[in-house]
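Listed here are the chains, written in short residue letters.
There are 2 protein chains.
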Amino acid sequence: MHIAIAMFDRFTALDAIGPYEVLNRLPDATVTFVAEEAGEIRSDTRMLGIIADATFDDVPEPDIILVPGGGGTRALLDPDAAIVHWVKHAHTTSTWTTSVCTGSLVLAAAGLLDGLDATTHWAASDLLEGLGAHYTAQRVVEQGKIVTAAGVSSGIDMALALAAHIAGDDYARAIQLGIEYDPQPPFDAGSPAKAGPELVALVRAIAVEPTT
Amino acid sequence: MHIAIAMFDRFTALDAIGPYEVLNRLPDATVTFVAEEAGEIRSDTRMLGIIADATFDDVPEPDIILVPGGGGTRALLDPDAAIVHWVKHAHTTSTWTTSVCTGSLVLAAAGLLDGLDATTHWAASDLLEGLGAHYTAQRVVEQGKIVTAAGVSSGIDMALALAAHIAGDDYARAIQLGIEYDPQPPFDAGSPAKAGPELVALVRAIAVEPTT
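If you're matching them up, the sequences are chains A and B in order. Counting in this note's numbering, the final residue of the first sequence is number 199, and the numbers go up one at a time with none missing. Counting in this note's numbering, the final residue of the second sequence is number 199, and the numbers go up one at a time with none missing.
Chain A on its own, in the form it takes in the complex (with noise of 0.2 Å):
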């Protein structure tokens, strides 16, 4: 099992992160982190770097595709991007090819997310809309084998349906309980839906969201 994080300037760490700490836990599970070029990505903060190990020619049929989001995706909604003619190719012989957070406008723009339910960190629904998908605002979006996360956080569900699907109910609970995922957030306000419209207008005027 051969699972491939895509890595690009401006990545969002945890969307990364999170689907890593649950998947490598697999059996017989490899991940690898992928880039244009090996070498140091920077984080959209630029306070972390990470090393991707191989380029994306050197991976070219993974079974699991990994596109996390970050502010960097902007940049790769270009059909020559690099990671875009990847993620293409890739995802003709991936057994699951997935997505954090604005990684979903990554697929839409290999031209994988036409007509189809997707998700994406709420604050790009329209750019997701804009590129052909159908944004739905759930956590986790499964269209056969394409499974889109929301923002950020949400790649741990993600990754631990996924290890469902691949390692039955009781592995995925024994990674869950070997990674101590038992959320205890202090508040709950971590939808638009629960936070309402003024915490929203702060996330804006604070610019925390991964987005931007």
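What the hints contain is simulated information worked out from the structure, not anything from laboratory work. No residue lacks a Cβ here, since even glycine has one placed at the ideal position from N, Cα and C. Treat the hints loosely; a few may be bogus.
[Stated by the list, open to error] Residues of chain B placed beyond 10 Å of chain A at every Cβ, according to the derived structure:
1) R12
2) D50
3) G58
4) R61
5) L64
6) D67
7) H76
8) D104
9) A161
[What the hints assert, rightly or not] Below, computed lysine to aspartate or glutamate pairings styled on DMTMM-like, alpha-carbon distance capped at 25 Å:
10) A:K181 to B:D175
11) A:K75 to A:E129
12) A:K75 to A:E116
13) B:K181 to A:E48
14) B:K75 to B:D44
15) B:K181 to A:D175
16) A:K181 to A:E129
17) B:K181 to A:D156
18) B:K181 to B:D101
19) B:K181 to B:D113
20) A:K181 to B:D113
21) B:K181 to B:E116
22) A:K132 to A:E48
23) A:K75 to A:D101
24) A:K181 to B:D157
25) B:K132 to B:D104
[To be verified] Per the computed footprint, the stretches of chain B lying under chain A, defined by three or more beta-carbons under 8 Å from a beta-carbon of chain A, are:
26) 36 to 47
27) 89 to 103
Based on these hints, arrange chain B on the given structure of chain A.
Okay, now just chain B, sitting in the frame of chain A:
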């Protein structure tokens, strides 16, 4: 607000990246990944490399210290380990000294948890007790300015609690909404009490806990 996240060989990535994704959104926050030597640090799976941008000596007085866990913590429980020295000294001037997962073992090795309530990954509770702390099966344990979190994913909850202390409840809620942290795990198996003894045995059999 300077946040230093300690890196070491065989750290668990989500322990560090969960809190990073919350804390980098605090007002005027700078996050620096620090290690004994700057450069690439490999995670416990060996599948991920993160860059430490600075050495411990470069960042002697951060406002927030965060020590993640991982299998690598076993090698750090020596009072002469560089990270233990750094934690001990940085703690004298920090505003908050925090850990995720087996990162609390490092705080304990630095003598910070003697006789205090603290938490760690559920599979490491005996180790923590052996280092002089009183293991407490809570997701986040606050003892004055020392805050310890349970296994891996719990660092997100801990960091949101910290954000509320530092910037107020509404700011913390805005961060939660920014990272769309509205957890909906497909199962309810995130703690030993919820998962039951058979799943605990399965976790140990397939070694998906990060403390091995």
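Status of the hints after comparison with the structure:
no., hint, in the structure
1, R12, "violated, 4 Å"
2, D50, "holds, 15 Å"
3, G58, "holds, 13 Å"
4, R61, "holds, 17 Å"
5, L64, "holds, 21 Å"
6, D67, "holds, 29 Å"
7, H76, "holds, 23 Å"
8, D104, "holds, 17 Å"
9, A161, "violated, 5 Å"
10, A:K181 to B:D175, "holds, 21 Å"
11, A:K75 to A:E129, "holds, 18 Å"
12, A:K75 to A:E116, "holds, 19 Å"
13, B:K181 to A:E48, "violated, 38 Å"
14, B:K75 to B:D44, "holds, 13 Å"
15, B:K181 to A:D175, "holds, 21 Å"
16, A:K181 to A:E129, "holds, 23 Å"
17, B:K181 to A:D156, "holds, 15 Å"
18, B:K181 to B:D101, "violated, 29 Å"
19, B:K181 to B:D113, "holds, 20 Å"
20, A:K181 to B:D113, "violated, 39 Å"
21, B:K181 to B:E116, "holds, 23 Å"
22, A:K132 to A:E48, "holds, 15 Å"
23, A:K75 to A:D101, "holds, 13 Å"
24, A:K181 to B:D157, "holds, 13 Å"
25, B:K132 to B:D104, "holds, 13 Å"
26, 36 to 47, "holds (count 4)"
27, 89 to 103, "violated (count 0)"
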